[in-house]
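With the hints as your guide, set chain P onto chain E.
Chains as they are written, first to last, in my numbering: chain E, 6 to 313; chain P, 132 to 376.
Think of the hints as simulated: they come from the structure by calculation, not from any bench. Fair warning: this is a prediction, and the values are worked out from it, not measured in the lab. Note that beta-carbon positions come from the ideal geometry of N, C-alpha and C, so glycine has one too.
Looking from chain P toward chain E, a few residues come up when the C-beta cut is under 8 Å (computed):
| no. | residue |
| --- | --- |
| 1 | Met183 |
| 2 | Ile185 |
| 3 | Thr206 |
| 4 | Lys210 |
| 5 | Lys224 |
| 6 | Leu226 |
| 7 | Leu234 |
| 8 | Gly237 |
Taking lysine to any residue and the SDA-like style, the derived pairs with C-alpha atoms no more than 25 Å apart in a straight line are:
| no. | chain 1 | residue 1 | chain 2 | residue 2 |
| --- | --- | --- | --- | --- |
| 9 | E | Lys114 | E | Val83 |
| 10 | P | Lys285 | E | Glu302 |
| 11 | P | Lys224 | E | Gln289 |
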Amino acid sequence: MSIFEKTDASLLDAIADLHEVPQGAYNIRKNGQGFARQSSENITIETKTGKPGINIYVKPFTKNESVHIPVIITQSGVEDLVYNDFYIGEGADVLIVAGCGIHNSGDKKTEHDGIHRFFIGKNARIKYVEKHYGEGEGTGDRVLNPVTEVTMEEGSFCEMEMVQLAGVDSTVRETNASLAAGAKMVVTERLLTHGKQTARSNMEINLNGEDASAQIISRSVAKDESEQIFYPRAVGNAACRAHVQCDSIIMDNAKVRSIPEIAANDADAQIVHEAAIGRINNDQLLKLMTFGLTEEEAEDVIVNVFLK
Amino acid sequence: MLELKNVSFSVESGDGNLEIIDDISLTIDDGQFVVITGPNGGGKSTLARLIMGIEQPTKGQIIFNGTDITHMSITERAKLGVGYAFQQPPRFKGLTVRRLLSLAHGSELPEDECCAYLTSVGLCSKEYLNREVDASLSGGEVKRVEIATLMARKLKLAIFDEPEAGIDLWSFAMLVESFRSMCKNRYETVIVISHQERIMQLADEMIVVEKGKVRTRGSKDEVFPKLLDELDEGCDFRGKGAGDK
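The shape of chain E in the complex, shown without the other chains (with noise of 0.2 Å):
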């Protein structure tokens, strides 16, 4: 029998894709206490001392391995705060797959905010899944401010992929890197804002080393009245190469702004940023017309495969 209730099962679902304890090392934390943790041989999880959240040690050289550490909130009025600290030995490739689901059936603000430092020894390479999902009948707001900071050494490889769809009032994201050498990082921002919901996303990626590079690709649909800023900055400190792309779909009377700021304090330091905020073309809805998709049905499409 699976020891999570419905509530808990469709949030770990909707946010990690899970159905059951997961393979490998997991923690599943649930209204701001641990709920279920396994380490795994190569894989150790222990609590932090001193504050709330654990720290994740990665043996060097740890291959085709996944760590889990999925939060559930399902009562309301909780206000969560997490430390948790990613350290990835030398040469090790592993899956993390976090993510924060809320489910507010109360009137009070649930919130959940995580910090997160990942340490990714040389050579190492990690992927880094992150979805954000609330839901819930109640009045009470879901509110979601993630910080991610991100130190990588030489040769290392980072690739975040952070989404958010559906169901979260408010959130701010601070997401923060440096570069070694030839270390290169990939983040890719999906974001989906509907109602009055708010969604800010600060980065900031410094390039220290030669060789290394950087993509940050952010796709946003703004509904509603919903607001969103996002302000992506890519720092290159040395003979490196970083392209910041920023690709917003805007809708009824929601606001976008998108800042991307490149800077360069090398002069062999190849930044690019590129940035477009625009209504769903017509052509693109007229198109799926002709083939007997309504126009609503051809919206959805169109901002399905535009945040897929």
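Quick look at chain P alone, frame taken from chain E:
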């Protein structure tokens, strides 16, 4: 059968109304492969867009298989079996070729069927299935995908708006080879807007549209030689140059 009865389409311009389509009446019987040609800006694409419902006529009626579709939406016309391949197809960020073909088809298309459509328009199918129909595709590639989206549908009336535009001549020659048989097997009636002689050679009937009116219509054997004569007469440079020599 498609009938246009006194169809006009005008837009407001600085000097009053500009007639893009000026009182056109015509009937296209089932099973016909009709090529519409004529000078740029003459109203050909507008005519196609009026039939698809992308534009609404300012006057007149459009009857399709006995149903008055004049005020029907694009979606309703599509459901009646009308399809339109755009002259300049839009691109979609995130939409793969396979998904686009499936949307055209109305349900998830098996991989082998997608591949067959792509191959028939000269695209190496395996390479393209999961590519996005975005700015990474060239103009010619997007045009071929556009033609393939019509292949993926079972239509009573298929309208192609300058299918040759953007496709290099070598590939186009190969595309034309299969174009007619492809259309014959798949659609009841085909309207192609084209300036290409190779396409005109496929026509059961040709219609020349100029200044918003049907100037000539008839079999390709009647119309095509006239067009060539006019080209000779109308081209001063060619006329004088030949005479001087």
